[in-house]
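There are 2 protein chains.
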Amino acid sequence: MKEYYLGLDLGGTKILTGLADQEGNIIARSRRDTEAAAGEETIIKNMILTIEDVLAKAEVNKDQIVSLGIGSPGPLDATKGIIIENANLPWKNVPLVKKMEAALGIKTLLKNDANAAALGEKWFGAGRKVDNMVYITISTGIGGGAIIERELFNGTNDNACEIGHTVIDPDGPLCGCGKHGCLESFASGTAIGKRAREAAAKGLSKEMLELADQIVEDINAVICAQAAYQGDEVAQEIFKKAGYYLGIGLGNVINIFNPEMIILGGGVMKASDLFLAEALATMKKTALSGPLEIVSVKEAELGSDIGLMGAVAVAMEDRLVKNG
Amino acid sequence: MKEYYLGLDLGGTKILTGLADQEGNIIARSRRDTEAAAGEETIIKNMILTIEDVLAKAEVNKDQIVSLGIGSPGPLDATKGIIIENANLPWKNVPLVKKMEAALGIKTLLKNDANAAALGEKWFGAGRKVDNMVYITISTGIGGGAIIERELFNGTNDNACEIGHTVIDPDGPLCGCGKHGCLESFASGTAIGKRAREAAAKGLSKEMLELADQIVEDINAVICAQAAYQGDEVAQEIFKKAGYYLGIGLGNVINIFNPEMIILGGGVMKASDLFLAEALATMKKTALSGPLEIVSVKEAELGSDIGLMGAVAVAMEDRLVKNG
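Chain order of the listed sequences is A and B. To convert, note that position 193 of the first sequence is 195 in the numbering used here; the numbers rise steadily by one, no gaps. To convert, note that position 219 of the second sequence is 221 in the numbering used here; the numbers rise steadily by one, no gaps.
Derived by calculation from the structure, the hints in this document are not laboratory data. None of the values given here were measured: they were computed from a predicted structure. Any given hint might turn out to be false.
For identical chains, the list gives no copy identity; a pair is met inside one copy or between any two copies.
[As the list claims (entries may be wrong)] Once the Cα atoms are required to be at most 30 angstroms apart in a straight line, the calculated DSBU-like pairs of lysine-lysine come out as:
1) LYS300 <-> LYS286
2) LYS94 <-> LYS287
3) LYS94 <-> LYS286
4) LYS243 <-> LYS286
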């Protein structure tokens with residue numbers, strides 16, 4: 003009997019599920035609205051519908067599935083399989099693994115989305131050939147996942163690699179976590195949007211205001227990037243400064259993890275030409291020469307499939323470590 | 003035939019060598035001046051003399067020795083067994099492992115002193131009962147070593163866990179590494195001494211000047227601590243500020259490594275009552291609640307034997323991981 007794996011990328015607005023063969027090739031996929039507002043029951047029902055859908059499409063039976071991997075925004079307790087809280091989903095302390103296993107009879111594994119993405123890039127993306135790497139996602143927030151000797155570094159209670167919440171300047175801006183000067187408060191999409199609104203409110207950027215129909219509150223990182231591409235120097239400077247702080251974060255990651263590779267992903271990377279050069283220059287000044295010598299920085303390869311392939315990698319990790 | 007292990011703590015002024023049984027009990031020890039100024043040949047000769055000394059004292063034969071562990075200040079290449087450079091020893095690119103193996107016929111293993119100390123505290127000190135811990139030494143500099151799932155985390159080319167050279171404020175003081183605002187530039191003994199001299203030069207502390215016979219250049223962290231204990235508020239403030247920055251570093255370490263335990267060692271810890279409370283308070287504000295919940299902070303237990311027991315742990319690591 004052929005064996006298969008399921009990966010489920012649980013997002014605030016959509017669920018993307020894939021059925022993978024033993025090599026991690028996606029042979030069927032299904033996408034569905036999360037319907038987060040409708041609550042726990044509905045969300046889980048929608049998750050199960052995507053799974054039934056891929057099984058039907060591929061004509062695969064449940065008992066051919068080795069395991070289901072789920073990638074979800076955190077904070078969550080991966081060991082206990084519980085989603086503790088979630089900014090975009092209306093649930094708290096949901097024993098998701100237990101519920102999915104009860105509903106499907108399939109062994110289920112849960113990881114936070116950054117850790118899942120790290121596994122995805124390690125096994126199916128830019129990190130295929132390395133044993134030690136750190137994946138960093140620059141998105142609404144900044145998250146990370148480290149692979150050490152080919153395995154995900156979970157930490158004692160699955161909280162390792164919260165790179166976004168390392169303080170790189172205690173006098174820096176207020177972060178969503180309540181601290182000042184976290185990497186995330188300088189270099190995330192949220193931070194860039196905030197800097198952009200501040201600049202626009204001061205009358206420093208007509209371009210951004212125009213792009214937002216004169217509504218300061220509507221300015222975000224995307225508009226800031228558009229303005230920067232149109233030549234707005236204030237917007238360009240905002241990205242450059244974010245790049246500077248990201249570079250300090252990358253340098254610190256190198257000095258701590260001494261990885262072979264750093265892989266950068268997340269939505270903000272779509273505008274990487276606005277900040278990456280600055281980030282790399284600062285990184286080179288921040289990192290010690292020993293670990294800098296052997297590290298390379300790559301962009302994530304999985305694109306919009308990173309959540310899905312990450313979830314598949316969560317399901318397959320044991321097999322991949324053994325055979326891969 | 004009974005088996006034994008050798009540990010050698012190589013310092014800039016002294017060599018301390020111990021012979022350990024299979025449980026890591028020291029059954030003979032030998033201490034000798036390094037004679038660093040006399041050069042490479044002499045240093046290695048002195049190392050060998052301490053080894054011959056412990057073997058003679060314990061009436062143990064060379065062929066009963068499983069391995070020799072050496073802890074040395076870095077930077078070094080542990081995998082290749084080469085000391086790359088050293089601030090206190092007059093050598094560069096010395097293939098120390100090869101030379102010791104050629105001279106003694108004993109398998110030799112080399113680690114930097116902070117990593118060796120981490121192994122020592124893991125197996126023989128405060129970390130005996132934990133699987134995931136980070137050891138941080140606060141001394142002339144600030145170094146670290148992480149134990150992940152009971153094994154030393156080396157990084158790709160043995161440069162992992164350089165916590166002292168993570169930037170926590172890019173506008174901070176100049177560090178020995180050439181960067182600004184490394185943790186080491188705020189909270190090491192060297193940093194405290196610098197802040198103390200700056201304060202004394204400004205006429206802010208008569209006590210420190212008195213303790214240094216009015217010679218500003220002679221003020222160091224030890225004098226600053228003496229003045230602080232005598233009630234000098236400027237000196238107390240210097241330690242408190244170092245503690246604040248150390249706390250940021252500890253919080254960052256928690257957010258990255260998610261360890262069960264952080265162990266603090268190094269000479270500056272002798273004055274821990276001057277800064278540790280501030281460090282822990284800041285750490286609690288810096289760390290995320292998830293990883294903070296499960297971490298404890300302890301002082302190193304091995305005291306002046308940490309270098310020696312670290313070296314023994316380097317020699318015994320394979321055995322300890324298997325049996326311990």
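So, going through the hints one by one against the coordinates:
For the homomeric pair LYS300 and LYS286, the shortest alpha-carbon distance inside one copy (15 angstroms) is at most 30 angstroms, but the shortest distance between copies (34 angstroms) is not. In the homo-oligomer, the alpha carbons of LYS94 and LYS287 lie at most 30 angstroms apart only across protomers (24 angstroms), although the nearest pairing inside one protomer, at 42 angstroms, exceeds that limit. Taking the closest pair of Cα atoms, LYS94 and LYS286 come within 30 angstroms of each other only across two copies (24 angstroms); inside a single copy the shortest separation is 41 angstroms, beyond that limit. Proximity of LYS243 and LYS286 under a CA criterion of 30 angstroms is satisfied in both settings, with 16 angstroms inside one chain copy and 28 angstroms between copies.
Consistency note: the structure conflicts with none of the earlier hints.
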